[in-house]
Amino acid sequence: MAKYLIGRFAQAAIVLWAAFTVAFILLQVLPGDAIMIKFQSPDLGLSAAEIAQIRAAYAVDQPIIVQYGHALTNALEGKLGYSVQQGVSVGELLRTNLPPTLRLASLGFVLAVSLAVGIAFLASLTPFAWLRSTLQALPALFISVPVFWLGIVLIQVISFRLKLVSVISPGEFEGLILPTITLAVPISAPLAQILIRSIDAVQTQNFVAVARAKGASASQVLWAHVARNAILPVLTIAGVLLGELLAGAVVTETVFGLNGLGSLTRDAVGSQDVSVLQALVVLSALVFVVVNLGVDLLYPVLDPRLRRRFEGVR
Amino acid sequence: MSGSRTTEVVSPDTIALRRPRLPRIAPGLLLAWAVILLALLWALLPWIFTSYSGTIGTAGQQLRAPSALHWLGTDQIGRDVYARIIYGARHSLTGAFLAVAVGLLAGTWFGLIAGSVGGWVDDVIMRFVDVMLSIPSLLLSLSIIILLGFGELDAAVAVGIASVARFARLMRSEVVRVRRSDYVEAAFGSGGSFSAVLWRHVLPNSMTAVVSLAALQFGTAILAIATLGFLGYGAPPPTPEWGLLIAEGRDYVATAWWLTGFPGLAVVLVVLAANRISHSFGQEPV
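For the protein sequence lines, the chains are A and B, in the order given.
Using numbering that gives the first Met the number 0, the letters of the first sequence correspond one by one to residues 0 to 313.
Using numbering that gives the first Met the number 0, the letters of the second sequence correspond one by one to residues 0 to 285.
Bear in mind the hints are in silico, worked out from the structure with no lab data behind them.
Some hints could be false.
Facing chain A, from chain B, some residues (calculated, C-beta under 7 Å) [said to hold, decoys possible]:
1) Val-123
2) Met-125
3) Asp-129
4) Val-130
5) Leu-137
6) Leu-141
7) Leu-147
8) Gly-150
9) Leu-152
10) Tyr-251
11) Val-252
12) Trp-256
Small disclaimer: the values here were computed from a predicted structure and weren't measured.
Beta carbons are placed, not taken as given, at the ideal position from N, Cα and C, and that holds for glycine.
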């Protein structure tokens with residue numbers, strides 16, 4: 000067990016380190032000298048000596064491998080460099096932009112999960128075939144809708160047509176309703192698909208037949224026996240989905256004009272602010288790795304069969 | 000990969016009753032192919048579908064609602080929305096084809112090497128694939144687009160590179176599966192060289208799953224390219240690229256719903272169709 004844990008942690012650390020390295024190569028090494036490009040433009044009127052000074056301040060006058068070593072040790076200490084565009088430290092930018100995105104993403108996640116569970120359970124409980132096939136087709140539709148378009152359509156229909164939610168200076172909660180729906184719909188689709196599939200798989204198992212033979216009702220069987228077992232496969236894609244929440248925030252925050260990590264990402268790309276983008280890439284990889292690690296550690300807790308296997312190994 | 004295949008128990012009298020018949024195609028699948036075919040025709044021969052231009056507007060016809068003259072209305076400088084969607088098909092579809100080609104070629108290659116060479120080569124490639132998969136694809140393509148610069152082809156290539164890891168992982172698992180099969184063992188046993196067996200047996204037998212993923216990725220690429228276009232990192236205006244059409248229509252969201260509504264509908268229909276076709280290959284790409 001201890002060996003497994005250490006191995007699992009080491010693997011997570013390696014993926015994270017590799018993500019950092021890939022982002023460093025992609026964003027800092029290959030594009031050439033971003034600072035050179037920014038400050039060299041003649042309208043800034045900087046002399047060669049001043050540019051050299053700025054370059055020294057950003058530590059880009061050193062060989063790549065030295066820069067990489069610096070960046071890595073700094074990142075381990077939590078120092079993520081400076082935003083070339085805004086002149087503030089990247090850590091500072093992340094700190095100010097994290098809370099609004101975190102709030103939006105957690106609301107979106109909760110809604111996505113409820114939506115997926117609702118669709119999947121209703122689809123397997125309903126006695127009507129037409130309702131079942133409609134519900135089963137929903138995730139495929141959700142996946143095919145561009146997120147930004149969904150946001151615009153929601154504004155159009157719910158705000159302008161039905162006038163249910165104001166878009167011009169809405170209240171704090173009111174302003175989050177439409178972005179939350181926009182973010183949640185595409186995330187809920189793969190969740191619902193896996194849930195439907197795994198409920199179907201579990202329902203053919205013997206213990207379900209036994210429970211039913213003993214006289215349990217359909218919803219009793221579903222909640223007490225099927226749901227617990229059907230949740231397990233869903234956990235495997237949790238890491239991917241949380242990463243997608245961050246990516247979805249890029250589009251959602253742009254459409255609704257919100258501040259947060261998403262609009263920070265968009266601005267960083269627009270102004271070629273590579274250190275900010277690098278930090279965001281590493282952050283999303285961190286979320287992915289931590290969630291997957293958590294899921295792997297949680298698995299034996301949720302699934303007694305795995306626990307027994309571990310105890311056997313020990 | 001879910002490799003669950005049910006084996007059918009056939010009794011003698013059902014064999015006698017079975018007649019050769021045409022394969023039945025589900026009406027939904029037929030519709031999906033029709034949508035893709037129509038979109039391809041739009042991309043290849045846009046002028047036979049509309050007499051309006053995709054980029055030049057008519058003066059005095061600004062922001063007209065859908066009518067007999069302009070089926071899907073006109074935009075702020077009098078351009079016909081229907082014409083813009085049709086001329087835009089070329090941009091969106093070419094981009095998606097390019098993206099899938101990049102992902103398919105590079106990914107298949109990496110997966111084939113990883114799966115057939117094995118050992119440390121496999122480890123290195125698959126760890127790299129793990130890293131690529133740990134970064135959300137939008138962030139990955141945005142990072143690549145910083146490197147390549149903004150533009151239509153750059154956006155497509157960025158989306159393609161971001162999908163390499165998915166193809167590589169699928170291809171590797173397929174190669175590993177096929178390699179263990181008896182006929183590949185037999186091919187090696189009867190003296191086939193490594194590369195010959197790879198080319199003649201392993202590659203063709205791994206293709207169904209890869210083609211299925213390619214179809215799925217085609218839809219995903221259309222969405223991703225539209226997203227990049229919407230954010231302003233894809234084709235520049237006045238290109239009628241679908242994502243850009245929606246971005247431009249956004250300013251008139253309160254007054255002219257048709258500017259964003261119809262291009263979005265075009266994206267949804269084509270992506271739905273691509274996903275349906277991917278599904279029809281009978282494999283669930285991971």
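Status of each hint after checking the structure:
1. Hint on B/Val-123 is violated. Least Cβ distance to chain A is approximately 10 Å, over the 7 Å limit.
2. For B/Met-125, the shortest C-beta to C-beta distance to chain A is roughly 11 Å, which exceeds 7 Å, and the interface hint is violated.
3. About 6 Å separates the beta-carbon of B/Asp-129 from the nearest beta-carbon of chain A, less than 7 Å, and the hint is met.
4. Because the smallest distance between the Cβ of B/Val-130 and any Cβ of chain A comes to about 4 Å, under 7 Å, the interface hint for this residue holds.
5. The closest approach between the C-beta of B/Leu-137 and any C-beta of chain A is roughly 4 Å, which is under the 7 Å cut-off, so the hint is satisfied.
6. Taken as an interface hint, B/Leu-141 checks out: its beta carbon lies about 5 Å from the nearest beta carbon of chain A, inside 7 Å.
7. Look at B/Leu-147: its Cβ only gets to about 9 Å from chain A, farther than 7 Å, so that hint breaks.
8. With 7 Å as the threshold, the beta carbon of B/Gly-150 stays out of range of chain A, its nearest partner Cβ sitting at about 13 Å, so the hint is violated.
9. Below 7 Å, beta-carbon pairs count as interface contacts, and B/Leu-152 has none with chain A, the closest being about 17 Å; its hint is therefore violated.
10. Contact between B/Tyr-251 and chain A, as hinted, is not supported at the beta carbon level, the nearest pair being about 10 Å apart and thus beyond 7 Å.
11. Satisfaction of the interface hint for B/Val-252 is found here, the shortest Cβ-Cβ separation to chain A being roughly 5 Å, below the 7 Å cut-off.
12. Because the smallest distance between the Cβ of B/Trp-256 and any Cβ of chain A comes to about 6 Å, under 7 Å, the interface hint for this residue holds.
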